[in-house]
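Visitor: Residue-level listing of the chains:
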Amino acid sequence: MAELAPYGSRLTPYVAVLRSRMRSQRAYPLSFATDLFSSLLIGVVEFAEMWLIYHNVTALGGLNSTQMLLLFGLSNLSFALAQIAVGHTDTLATYIRMGTLDAFHLRPQPLLLQLITSDVSLRRLSRATVAAVVLTAGLIGNDIDWSPTYIVLAVSSTLSGIAIFAGLFVCAAGLQFHLVDGSELTNSFTYGGSFAAQQPSAVFSGPLRALFGFAIPVSFVAYLPTIALLGLPGPAWLPAGLAWFGPLAALWVWIMALTLWRIGVRHYQGGGG
Amino acid sequence: MRALSGVYSRLFGAGFRRQWNYRSAVFAGLAANVVFGLIRAAVMIAAARSTPGFGGYTGASIGAYVWLSQAMLGALRVMGPPHDIAERVRTGDVAVDLQRPIDIQFFYLATDLGGSSCTLALRGLPSVATGLITAQLVLPGTFAPYLLGAVSVVAAVTLSLLLLFSVSLLGFWLIETRGIRMLYQILSTFFAGLYVPIHLFPAPLATAARLTPFPWLLQGPVDVLSGRATGSAAWSVIGMQMLWIAIAIGIGRTLIAAGRRKLEVQGG
Numbered sequence: 001m002a003e004l005a006p007y008g009s010r011l012t013p014y015v016a017v018l019r020s021r022m023r024s025q026r027a028y029p030l031s032f033a034t035d036l037f038s039s040l041l042i043g044v045v046e047f048a049e050m051w052l053i054y055h056n057v058t059a060l061g062g063l064n065s066t067q068m069l070l071l072f073g074l075s076n077l078s079f080a081l082a083q084i085a086v087g088h089t090d091t092l093a094t095y096i097r098m099g100t101l102d103a104f105h106l107r108p109q110p111l112l113l114q115l116i117t118s119d120v121s122l123r124r125l126s127r128a129t130v131a132a133v134v135l136t137a138g139l140i141g142n143d144i145d146w147s148p149t150y151i152v153l154a155v156s157s158t159l160s161g162i163a164i165f166a167g168l169f170v171c172a173a174g175l176q177f178h179l180v181d182g183s184e185l186t187n188s189f190t191y192g193g194s195f196a197a198q199q200p201s202a203v204f205s206g207p208l209r210a211l212f213g214f215a216i217p218v219s220f221v222a223y224l225p226t227i228a229l230l231g232l233p234g235p236a237w238l239p240a241g242l243a244w245f246g247p248l249a250a251l252w253v254w255i256m257a258l259t260l261w262r263i264g265v266r267h268y269q270g271g272g273g
Numbered sequence: 001m002r003a004l005s006g007v008y009s010r011l012f013g014a015g016f017r018r019q020w021n022y023r024s025a026v027f028a029g030l031a032a033n034v035v036f037g038l039i040r041a042a043v044m045i046a047a048a049r050s051t052p053g054f055g056g057y058t059g060a061s062i063g064a065y066v067w068l069s070q071a072m073l074g075a076l077r078v079m080g081p082p083h084d085i086a087e088r089v090r091t092g093d094v095a096v097d098l099q100r101p102i103d104i105q106f107f108y109l110a111t112d113l114g115g116s117s118c119t120l121a122l123r124g125l126p127s128v129a130t131g132l133i134t135a136q137l138v139l140p141g142t143f144a145p146y147l148l149g150a151v152s153v154v155a156a157v158t159l160s161l162l163l164l165f166s167v168s169l170l171g172f173w174l175i176e177t178r179g180i181r182m183l184y185q186i187l188s189t190f191f192a193g194l195y196v197p198i199h200l201f202p203a204p205l206a207t208a209a210r211l212t213p214f215p216w217l218l219q220g221p222v223d224v225l226s227g228r229a230t231g232s233a234a235w236s237v238i239g240m241q242m243l244w245i246a247i248a249i250g251i252g253r254t255l256i257a258a259g260r261r262k263l264e265v266q267g268g
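If you read the sequences in order, they're chains A and B. Here the first sequence is numbered in my numbering, starting from 1 and rising by one per residue. Here the second sequence is numbered in my numbering, starting from 1 and rising by one per residue.
In short, the hints are calculated from the structure, not lab data. Note that beta-carbon positions come from the ideal geometry of N, C-alpha and C, so glycine has one too. Keep in mind that a hint or two might mislead.
Beta-carbon label-pair distances, calculated as ranges [claimed, not checked]:
| hint | chain 1 | residue 1 | chain 2 | residue 2 | range |
| --- | --- | --- | --- | --- | --- |
| 1 | B | ILE175 | A | ASP143 | 50 to 60 Å |
| 2 | A | ARG107 | B | LYS262 | 39 to 49 Å |
| 3 | A | THR94 | B | ALA257 | 27 to 37 Å |
Go ahead and model the full structure; you've got the sequences and the hints to work with.
Guide: Laid out in structure tokens, this is it:
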């Protein structure tokens, strides 16, 4: 084993790439600061939009403006963290178009793992911070009957939420092998999923509730945990008890993601040249 | 004069055809419009039904707001890929554009209006159709909103393209305009009333919004087209659009004049 040490473990190349990406983002401090500010503004404006709607109503989908903080905080924190880790996979279409994806194929590492570890979008940390602040306000402002099981629920929901969104990014990437021009279509999976996750699912009619509750299960990210923590019953088909099945929803998304990814990679013919 | 209008109509046609050739991308955008439209309509209709006097909206009229704004979004080009000229300023290719015996601002405006007309037809009309099929959109029964609405939509697209042109020209001074374009996208869509209608803003924020050109990109034309703003209110929307178009043309020209002095192209 001793002679293997200089080469490091199997993870060393990924860590090296990630380290270099982090360094490169900090190499141009002004540009990085602008990016951080834009990302902060996105978080603030998204919150302002939610607040403006709830400010005009007494309750929406059974939630009032204080309870909305939990919904917004959980969904946006999960999405922002997933975006930091794997959000850059939506540049896959550019790699395919430019033919640079072929270089990834030459390296003796799994393609998906390379793509995920090819970048880390630190600028989105500011958006995650906005979400974390809102979530904290929601956890303090609401009358939650805290018990150890609720703490487990809150933590497992956040982790499942990150996994669900990360899986949706991989689904979108898998589809991009077929739809090189269709980044807006695949965006409706990821950004549309995030937008749907931050709404109270009770406002959705039957087909949309089935879509976001089970097919693309973003209701598990924030809405179900929120009503479970608040002790609300939840609408038809989405009872609060389902909140505990977040990890199962994440598993389902990742089965779809890896299937779509595999189909996409098999479809890929190379850039030529 | 006739030769000149011939050039512009050809540029318009070229812009239209280029967008037509990227139909698959346009339809992908349509899919996104429909997904976001369905989510927004569900939320806003639930909100309007639960609260009487929701910014003057009812369950039926908020549906029109959602679907008409989704229909216009693609043609306004505030989201999606950057404007051609942004890349040309960055690479210095804009020097070629500046040499052409045609006004650079109107050159791009004519081409982009062609592209946006194609987007409006391929992406806007189906979005409206989706609203009608899901019975979330009720169109006005009289003729005037359609006529004034059409004028207002064309004016909104023109204003949006002129503003984007000016934002892209900032590349003469900043090397990378991604950050500034991002900032513009966030602020313009918010103040245009894309996610939340301006009628729901608290008074100071609504006043601040109306001091910018952005409400006339979306909220104004949507109000005219849906029959919320009629008569003198509709004419005042169109009047404000004309005023802002004049200002945007002025800003663009000032930036071109200043940028021409700043531009330095390497190599030979």
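Visitor: Could you run down the list of hints and mark each one as holding or not?
Guide: Going down the list of hints, with the structure as the test:
For the pair B/ILE175 and A/ASP143, the beta carbons lie near 52 Å from each other, so the given range of 50 to 60 Å is met. Look at A/ARG107 against B/LYS262: about 43 Å separates their beta carbons, and that is inside 39 to 49 Å. Evaluation of the 27 to 37 Å hint for A/THR94 and B/ALA257 yields a pass: the beta carbon distance comes to about 35 Å.
The structure agrees with every numbered hint stated previously.
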